[in-house]
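Student: Throw the hints in and build the complete structure from the sequences for me.
Line order of the protein sequences matches chains A and B. Mapping to numbering that gives the first Met the number 0: the first sequence position 159 is 158, numbers consecutive. Mapping to numbering that gives the first Met the number 0: the second sequence position 321 is 320, numbers consecutive.
In short, the hints are calculated from the structure, not lab data. If you're wondering where the values come from, they're calculated on a predicted model, not measured in any experiment. Among the hints, erroneous ones may be present.
[Claimed, not checked] Simulated DEER-style distance windows between Cβ atoms:
{"no.": "1", "chain 1": "B", "residue 1": "G412", "chain 2": "A", "residue 2": "N235", "range": "38 to 46 Å"}
{"no.": "2", "chain 1": "A", "residue 1": "A28", "chain 2": "B", "residue 2": "R494", "range": "25 to 33 Å"}
{"no.": "3", "chain 1": "A", "residue 1": "Q240", "chain 2": "B", "residue 2": "R2", "range": "42 to 50 Å"}
{"no.": "4", "chain 1": "B", "residue 1": "R314", "chain 2": "A", "residue 2": "H210", "range": "31 to 39 Å"}
[Unchecked claim] 30 Å max Cα-Cα, derived DSBU-like pairs, lysine-lysine:
{"no.": "5", "chain 1": "A", "residue 1": "K255", "chain 2": "A", "residue 2": "K25"}
{"no.": "6", "chain 1": "A", "residue 1": "K171", "chain 2": "A", "residue 2": "K85"}
{"no.": "7", "chain 1": "B", "residue 1": "K313", "chain 2": "A", "residue 2": "K25"}
{"no.": "8", "chain 1": "B", "residue 1": "K313", "chain 2": "A", "residue 2": "K126"}
{"no.": "9", "chain 1": "B", "residue 1": "K526", "chain 2": "B", "residue 2": "K803"}
{"no.": "10", "chain 1": "B", "residue 1": "K393", "chain 2": "A", "residue 2": "K87"}
{"no.": "11", "chain 1": "B", "residue 1": "K313", "chain 2": "A", "residue 2": "K171"}
{"no.": "12", "chain 1": "A", "residue 1": "K83", "chain 2": "B", "residue 2": "K393"}
{"no.": "13", "chain 1": "B", "residue 1": "K526", "chain 2": "B", "residue 2": "K707"}
{"no.": "14", "chain 1": "B", "residue 1": "K393", "chain 2": "B", "residue 2": "K12"}
{"no.": "15", "chain 1": "A", "residue 1": "K126", "chain 2": "A", "residue 2": "K85"}
{"no.": "16", "chain 1": "B", "residue 1": "K313", "chain 2": "B", "residue 2": "K12"}
{"no.": "17", "chain 1": "B", "residue 1": "K256", "chain 2": "B", "residue 2": "K526"}
{"no.": "18", "chain 1": "A", "residue 1": "K126", "chain 2": "A", "residue 2": "K87"}
{"no.": "19", "chain 1": "A", "residue 1": "K171", "chain 2": "A", "residue 2": "K87"}
{"no.": "20", "chain 1": "B", "residue 1": "K842", "chain 2": "B", "residue 2": "K12"}
{"no.": "21", "chain 1": "B", "residue 1": "K393", "chain 2": "A", "residue 2": "K25"}
{"no.": "22", "chain 1": "B", "residue 1": "K48", "chain 2": "B", "residue 2": "K313"}
{"no.": "23", "chain 1": "B", "residue 1": "K707", "chain 2": "B", "residue 2": "K689"}
{"no.": "24", "chain 1": "A", "residue 1": "K87", "chain 2": "B", "residue 2": "K313"}
{"no.": "25", "chain 1": "B", "residue 1": "K393", "chain 2": "A", "residue 2": "K171"}
{"no.": "26", "chain 1": "B", "residue 1": "K526", "chain 2": "B", "residue 2": "K313"}
{"no.": "27", "chain 1": "B", "residue 1": "K393", "chain 2": "A", "residue 2": "K85"}
{"no.": "28", "chain 1": "B", "residue 1": "K393", "chain 2": "B", "residue 2": "K464"}
{"no.": "29", "chain 1": "A", "residue 1": "K25", "chain 2": "A", "residue 2": "K83"}
{"no.": "30", "chain 1": "B", "residue 1": "K689", "chain 2": "B", "residue 2": "K109"}
{"no.": "31", "chain 1": "A", "residue 1": "K25", "chain 2": "A", "residue 2": "K126"}
{"no.": "32", "chain 1": "A", "residue 1": "K126", "chain 2": "B", "residue 2": "K393"}
{"no.": "33", "chain 1": "A", "residue 1": "K85", "chain 2": "B", "residue 2": "K313"}
{"no.": "34", "chain 1": "B", "residue 1": "K313", "chain 2": "A", "residue 2": "K83"}
{"no.": "35", "chain 1": "B", "residue 1": "K393", "chain 2": "B", "residue 2": "K313"}
Ideal Cβ positions, reconstructed from N, Cα and C, are used throughout, including at glycine.
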Amino acid sequence: MTEHTLGEATQGVAASAHDLVKTYGKGEAEVRALDGVTIDLMQGEFTAVMGPSGSGKSTLMHCLAALDTPTSGEAVVDGTSLGKLKDKDLTTLRRERVGFVFQSFNLVPTLTAEENILLPLNLAGRKPDRAWFDQVVDAVGLRPRLGHRPSEMSGGQQQRVACARALVSQPKIVFADEPTGNLDSTSSAEVLGFLRRSVDEFGQTVVMVTHDPVAASYTDRVVFLADGRIVDELRNPDRDQILEKMVGLQDAASAKAAG
Amino acid sequence: MLRLTWRNLLARKVRLLMSTLAIVLGIGFLAGVMTFSTGLNATFDNIVKGSTSDGLVRPAGDIQGANAGVGTTQVITPADVETLDALPEVEDAVGSVDGIGSFLLGEDGKLVGGQGAPTLAFNYAPTENMAGEQILELTAGEWPSEPGEVTLDTSSAERGSYVVGDEVTMIVPTLGETRRTFTLVGTADFNGGGTAGATLVLLDTAEAQEIFLDGQDAFTSVALTAADGVSQAELAAAADAVAPDGFAGVTGDEVVKETQDQIGQFLDVISIFLTTFAVIAIVVGAFIIFNTFSILVSQRVRESALLRALGASKRQVTRSVLIEAFLMSVVGATLGLLLGLGLSRLLAGLFRTFGLDIAGEVLTLTPFTIAAGYVTGILVTMVAAFVPARRAAKVPPVAAMRDDLVVQEKGMGRRLLLGSVAMVVGVALAAAGLTGAPGTDAIWIGAGAVIWVITTAVLAPVLGKPVLLACRAVFGRVFGTAGRLAGENALRNPRRTGATASALMIGLAVVSAVGVLASSLSATNDKVVDDAFRSDFLVQMPTFQGFPAQYGDRMEEVDGVDLVSRQQGTPVSVDVDGRSDQSFAAGVDPAYFEIYDLTMVEGTDEISGRQALLSEGRAQDLQAGPGDTIDVSFPGGETVPVEVVGVFEDSPTTGGITVPLSVLEDAGIKRSDSSLSITVEDGADRATVKQDLEDIVEELPILSVQDKVEFKELISGQVNQLLYVIYGLLALAVIIAVIGIVNTLGLSVLERTREIGLLRAVGLSRRRLRTMITLESVAIALLGAVLGMVLGLVIGVVLRQSLKDDLTELSLPLDNLLVFLVVAVIFGVLAAIVPAIRASRMKVLDAIATE
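Tutor: Dropping the structure here:
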């Protein structure tokens, strides 16, 4: 593996972006989804990435999660620079050091909850750590549902299975893409509560892309994106602060679109 | 990962079952053909080995009379047999009387055995085969022991509805009296089991001699059993030393080998013929497997992306699809082998109706067949699934995060370019074949045709567009919105439509190419008959065997008959540079030249005594011309030198070597006729004459009197019979292709669940939804049919061109093509039944709610 350590300065950083640029299309039709983003995501912290539609928040996450390659700049996960990695190494990195939670759950419909949770370990050919598995399953409260297929579970339960799946391989960082986007408020609270606990109790690093100020209020830090740049940041935010910032950004975006 | 693969298989049982069906049918056909061929070979082997003695004394020479279907006048006397029996090397010598020209009639007066396998009539004498067992074994009753008694083989007795004790009627080639009744005293079979359809007629020795040897106390051959410790070679050598002139001693092994060589060729042709169709079926099946996996993979884009995001490597994703294919192919091949076993029994049953009896116990799956079935099934499936499997792995992991994912397909540009290049290569190969490149023309053209078929399959999305556009326009006009939507649906995924149609395309390309050849063959035959049929009536057997000369004698006496030209055919061999050239000689009478005009290239057509005319082709092969003398060897071993006096343009009315009838007589060939050409006197009523002639042959049901029209019908009937067999065999490929359409439609319906729900929500009725799906199916079927027929026509015309020496006329079977088109539409409608019902049963709300 091409390990690329950036030295003492990155202690405590789970993932970072340095001047990331991502463009789609060419010439007139060129869209700059990311326009020079630099950010450090700290270990053991729950970070929310917010911004209006088209601000580049999902693209930022895809690039950091080794799902997409930036046009320029550098993304680093757990001390490894992604730019120089081949597909095979990226695959290994995703498998061993990154966890995902998707908006639309993305469970394999033919597998049971337990099998879905263990899928990343299966893919890696690793033996599950039973104690950890039990701890995670109990934390998401899924024990009675382990034998069920996704079609036999509610959306909230499915998303909790997805969370357990993200945690079971003990990744360095979990990326959650609008994890509550498809859930009602009760289920959302359950999922967010679980993500919060995973940070507090297990020391997990979680990065979440979201629209929802309520969801963002569960985090330690909110980063705001607009037009592919980081425009603001809040620490230990409450809901109203976030809402205020978002309205401001939304208005700016509308004004720009109108002008 | 394996578990995931397994679950995926189980979750998609129905659709995988459909593509497994393609493997099952393809492998089933292959295994069936192989099992049947093995069984056929084993049957003949058993019979040949079980019915041959250690040694044989028989007429010398290359051509064996009884095998060739002609009788010789050479005989071996009882004294000779005693001499042989007295040899220390010989334990037992048994004289046999083999006769040809006899036929068994069933209880209903119809011929038993028909026109396929021969009727073998001989005297019964207990004889041991090479294994020391009796050649013949009684299955009921007893052996014939006095004149008037007969023992038949079990199957012929059954087919004739006879039981022991019944009166049995036979046609025998004796002068004057042609029908003779016998008492059936027993039934028997060859030791090897079965008779492969031949009819065995065992007679008392004296009666056999009376019928076949004009009552001489003599034999046509002698079967020898070796004394203890004497080898076959020693036995044959000892027998040869004392054998009378014109006879030679040969080993049993030699006889077995000769027979196997003769039959082997015929068996190989059957086996290659059937295997060809199995291969076509498997290729068509491969297309369907490819298509099914392509669709499955595109439906699982999200799942593949998820796996990739969760850390599955590309190889793991590819392997997952391939393992799925592997498991499927194992199941498919297993079922296919079982199906093949059943199919081989069915084929055996079919051949039994043609008079070829194959014992059930030799129809078993050999280890080779089983291995071939699995290897072919697994290999074809894996190869077909490889491209889709690779495509699955190429799905970017980020796709798992997006809702609106469409896998970008590469443009058709590269495909079009490669396809065009391949097409040109195909044309070049075919052109090479036509312009006389080294080797067989058909191989060059065949290679070109294969490339065309593959290229057309690859380019079907492009080539088929006009057809689909036309469908859309017509459907839209006739069926309104549902029709237009159906047209759009067929157009929106050209690759899928093209690949589905390709399976049908291959089948129809072969069907059409064969159709062109058959139609050209019929047209050529018609022309040849028009040109050559100069007499008013032709009398011959469909098998061109000889029949007793007395019929011709009696026909000459019929009122209104002007000329009766008699012709007797026989196989002959001529030594050319030390190699013996096998061909066919016709003995003709002077009347032949009054009825037919041979177009002479050289010399004269006046022959008498020991003179001969050669066809152009023969003259070339024999390197002989007027003035040369050639030594012609006849069955029975006689060689007669004849002087070539003329060379004529090849003609279907006579043999390549044409001699006066007297030459055959000199060579010891028993007099019989193989064809009579009859002209009617001016003013005589043709119908009356024909009736009188038919009355004469009434007792010999397979000897027919034909005029020109009937003769044409007979020949085109034979061509058509073969054509229908080929169509029947191709039907399997077409059925597999239809399964492919069902499969694709079913998957498309599933994929469009949401869209269908929407259409229903905005007011499309169930009936019109079904119409829409049916029309899409018809569009696919039409696409396959049109592409296939156009390609098949081109291939057929090119092949005909390369065979233009034999197929002088080109004829396109346009009426047949129209029928195929209609059949394709019907198949399209049938294929849509199940998917259409499924789609119309979807609940509107569920359909919309489906993610």
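Student: For each hint, tell me whether it holds in the structure or not.
Tutor: Here's how the hints hold up against the structure:
no.: 1; hint: G412(B) with N235(A): 38 to 46 Å; result: violated, 56 Å
no.: 2; hint: A28(A) with R494(B): 25 to 33 Å; result: holds, 27 Å
no.: 3; hint: Q240(A) with R2(B): 42 to 50 Å; result: holds, 47 Å
no.: 4; hint: R314(B) with H210(A): 31 to 39 Å; result: holds, 37 Å
no.: 5; hint: K255(A) with K25(A); result: holds, 22 Å
no.: 6; hint: K171(A) with K85(A); result: holds, 20 Å
no.: 7; hint: K313(B) with K25(A); result: holds, 29 Å
no.: 8; hint: K313(B) with K126(A); result: holds, 21 Å
no.: 9; hint: K526(B) with K803(B); result: holds, 14 Å
no.: 10; hint: K393(B) with K87(A); result: holds, 13 Å
no.: 11; hint: K313(B) with K171(A); result: holds, 23 Å
no.: 12; hint: K83(A) with K393(B); result: holds, 20 Å
no.: 13; hint: K526(B) with K707(B); result: holds, 11 Å
no.: 14; hint: K393(B) with K12(B); result: holds, 25 Å
no.: 15; hint: K126(A) with K85(A); result: holds, 26 Å
no.: 16; hint: K313(B) with K12(B); result: holds, 25 Å
no.: 17; hint: K256(B) with K526(B); result: violated, 41 Å
no.: 18; hint: K126(A) with K87(A); result: holds, 21 Å
no.: 19; hint: K171(A) with K87(A); result: holds, 19 Å
no.: 20; hint: K842(B) with K12(B); result: holds, 22 Å
no.: 21; hint: K393(B) with K25(A); result: holds, 23 Å
no.: 22; hint: K48(B) with K313(B); result: violated, 59 Å
no.: 23; hint: K707(B) with K689(B); result: holds, 12 Å
no.: 24; hint: K87(A) with K313(B); result: holds, 8 Å
no.: 25; hint: K393(B) with K171(A); result: holds, 26 Å
no.: 26; hint: K526(B) with K313(B); result: violated, 64 Å
no.: 27; hint: K393(B) with K85(A); result: holds, 14 Å
no.: 28; hint: K393(B) with K464(B); result: holds, 28 Å
no.: 29; hint: K25(A) with K83(A); result: holds, 24 Å
no.: 30; hint: K689(B) with K109(B); result: holds, 22 Å
no.: 31; hint: K25(A) with K126(A); result: violated, 46 Å
no.: 32; hint: K126(A) with K393(B); result: holds, 28 Å
no.: 33; hint: K85(A) with K313(B); result: holds, 12 Å
no.: 34; hint: K313(B) with K83(A); result: holds, 18 Å
no.: 35; hint: K393(B) with K313(B); result: holds, 7 Å
This entry does not satisfy hints 1, 17, 22, 26, 31, going by the numbered hints stated previously.
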